[in-house]
Amino acid sequence: MSVQVRLLFVVLYLILSSDSRRSNSSINCHIGNDPHISWGRQIDCSRLSIANIPTGLPTVNVTSLLLDHNNIELVKYDDFKNFTDLRYLDLKNNRIGDIDDHAFDGIPQLIYLNLNFNYLSKWPNNAVSRLIRLKELYLKYAIGEGCTLGPLPAGFGYLTKLEKLVISKLHFGVISEGFFSKAAVSSVTFLDLSYSKMAGVERGAFRNFTNIRTLKLNVVIGLDSASLGNILSDLDNTNLTYLSLFSIGNITKLDEGLFSNFEHNVLKTLVLSYSNVTTINPGAFRNLANLRELYLQSINLREIKANSFNGLKSLIYLDISQTNIIGYNFSGSGLKNLKVLNMSRSSQLRHMKSYGFDGLGSLNELKLEYMKITILEACAFCGLPNLKRLSMAYSNAESVNPNTFAGLISLELLNLASAGIGYLNQSLFNNMTSLKKLILDYNRFSDSRSVSADAFRILPNLTYLSMESCQLSSDCGLFRRLPKLHYLSLMWNIGITLSEHAFLGSSYLKQLVLSNINTTIVLPSALNDLRLDYLDISFDGIAYMSPINVSYLYKLQTFAGERNPYSCSCENLKFWIWFNKTKTIVDSRESYYCPDEPFVPFDVGKCVNTLAFSFSVTTILIIIVTLGIFLAYLNRWHFNQIWYKFRLNHYKKLENEQEHKFRSQAKYDAFISCSR
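In this note's numbering, the protein residues as written are -16 to 659.
Honestly, the hints are just simulated from the structure, not real lab data.
Just so we're clear, the structure is a prediction, and the values are computed from it rather than from any experiment.
It cannot be assumed that every hint is accurate.
Estimated spans, in silico, between C-beta atoms of each pair [said to hold, decoys possible]: (1) 236 to 10: 55 to 61 Å; (2) 252 to 10: 40 to 46 Å; (3) 11 to 156: 40 to 46 Å; (4) 261 to 107: 43 to 49 Å; (5) 615 to 514: 50 to 56 Å; (6) 236 to 385: 38 to 44 Å; (7) 436 to 261: 46 to 52 Å.
Ideal Cβ placement from N, Cα and C applies to all residues, glycine included.
Please build the complete structure, drawing on both the sequences and the hints.
Right, dumping it as C-alpha cells:
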C-alpha cells in the first residue's frame, strides 16, 4: 500500500474519531451567565445530538452545565474532574446506561443533579458519595426497561443535605425496612414516588424520613390500603403537610382504619382525586384535625352521608367535583370552618333539597357549574348566611322557584349563565341586598311578560350586570334606577330596542357594552342620562353616528365601534373630529370606513360626502389664490422699488441740470473774489 493511501486512511480515521467526540468549538455550546448564580457562567450543550460529554469546555467559574436531550450513553470517571465550581448538572433525556464509580467526585459543590429519562442498568456505590452538598436529585424514569430498583446504595449516606428526591416512574420490589437508610434520607423534605410499581410496603420502610413535608404517591401500582397504612404509621409525628394519592386504584373505601395510626400529624393538604373510592364511612378523617384542603375530584363516590367528614374541623377547601354523587347531607359534618365547596360537573346530581347545605354556616363560595339539576326546592341554600359567591353557570336550573335563593343575605356574586332561567322578577332576588355582581348570560327572556321592570331594584349594591345573548327584545325598564351599577353588558341581544331613557337613574354607569346587537342606536336619546368612560357598539350595523348633543360623552376614555358599515357623511366626519379633540382612545381605527382626522381628503370614488369634498377643494383653491395674491404683492412691491429708484434717479438728474443752469445765470457781488 502506497504512502499516500495510508495517509488518506489516517486522515479519515482522525475525522471520524473526532466526530464521535466533538470539541466545544465544533458543537457550538452556548456560554452565558448562570441564571442561578450572579458570578457564575452557564454552558448549554443541550439538543446537539452528542454521544459523549464534550472535552475542551471552559471550567473556570462554570456553575451550570446543561447536557440534556442528547445521545450520551456513558458518564466516565474523569468527565467532570475540572468543573470544581459546578452547582447545576442536567443530564436528563439521554441514553445513559452506565455511570463509572466516582464519576462525580470532581464536582463536590454540586447541589442539583438531574438524571431523568435515561436507561441506567447499574449504580456504583460511590457514584454520588462526594456530593456532600447535593440538595436535589432526580431519577424519574432513570432505569432501563425490566430493571427493578433496590435499596439505596451506601453512597447515598453521604448526601446529608439532600432535600428533594424524585425516584418516580420506577419499578420497586417490596419496600422493606432499611430500603431508605437513615443517613440517606433523614434530611429529605420532598419525596416523589409517583407512577411507579411496587409489590408492597412494610412497616418501618419510611421511618427514616423524619423531616419530610411533601410526599407524592400518585398512580402507584400495587399500593393498597395496608401499604398506605404502614407508610402513614411511619410518618406519624413528622412534619408531613402535603400528601398526594392521586389516582390510587387499589383503594376503594375510606374508613376509620386508614388514618388510625396517623394521630399526631400536621397534614394540611390531602389529594385523593381520580381514585376508585366509592365509599366514605363516618370517622374516616377523624385523625386529620389539621387538614385544610381535601381533594376528592372525579372519584366514584355515590353519596355523601351525614358525618362523612367528621373530624375535619380545620378544613377550609373541599373539592368533590366530577363525582357520581346522587345525594348529599352535610348536617352534623363538623365542617364548621369550610370556606369553599366545589361540586361542579356532578352530572348525576339532579335534585337539590331544602336545607341540603345545613351545617356549612361558614361557607363563602359554592360552585355548582355544569350540572343537570332538574329539581331545586325552596330554601335549597338556606343555612348559608355567610355565602358570598354562588356559581350555577351552565346548569339546568329551569325549576328555580321564588324562594330557591332564600337566606343568601351576604351573597355578593351570583353566576346563573346558561342556567335555564326563564323569568326575572323581584322574588328571584329576595333579601340579596349585598349582591354586587350578577351574571345572567345565555338565558332566554324573549317573552317580555316574563320580565319585570323592577326585577333589579331590590339590589341596591349591584355594580356589575351581564345579560349577554338573553334574547331581550327591549330594555323593559330593567336598567333604570340602579344607583351603583358600574358595568353593563347587553352583547348579542340581537334586535334589542333601547328606549329614550333606558338608563334613567343609573348615572353611576361607566362601562356599557352594546356590541353585536344589530340595531340602529341613536346615541343622544339612549345614553343621554349617562357619563360613560367606556362604550362598545362594535358589530352593530351602524352606518351613521350623530354628533348632535355628544357633550354627555365628555368623560369617554375608550370607544369601540369597529366592524360597522360606516358611510362617509358630514355627521360621521364631525363625530370622528370630535373624538380627536377629546383624545378618546378608539379601538382599531383602521377598521373605520371614514377618515378619523380632519383635512384628510376622502376617496371620491367611494365616498359621496359632498360637503367634505367641497371643503377640501375649496381649501386648496383658497390656498392657491392666497399664494397668487402674495406672489403678486411681492412682484408689485419689487416693481414699485424699481420704479421708485428710476424716478429718483430721473429727478436727481433734472435737479442737477436745473441747478447748474441756475448757477450759470446767477450774478454775484464783488465782495468776495477768488483767484482761479
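Results of checking the hints against the structure:
Our hint of 55 to 61 Å for residue 236 and residue 10 holds, since their Cβ atoms are close to 57 Å apart. Here the CB-CB span from residue 252 to residue 10 is close to 45 Å, well matched to the stated 40 to 46 Å. Between residue 11 and residue 156 the beta carbons are some 45 Å apart, a value that agrees with the proposed interval 40 to 46 Å. The hinted range of 43 to 49 Å is satisfied by residue 261 and residue 107, whose Cβ atoms lie roughly 47 Å apart.
With their beta carbons about 54 Å apart, residue 615 and residue 514 fall inside the hinted range of 50 to 56 Å. Against the hinted window of 38 to 44 Å, the Cβ-Cβ separation of residue 236 and residue 385 comes to about 42 Å, which satisfies the hint. For the pair residue 436 and residue 261, the beta carbons lie near 51 Å from each other, so the given range of 46 to 52 Å is met.
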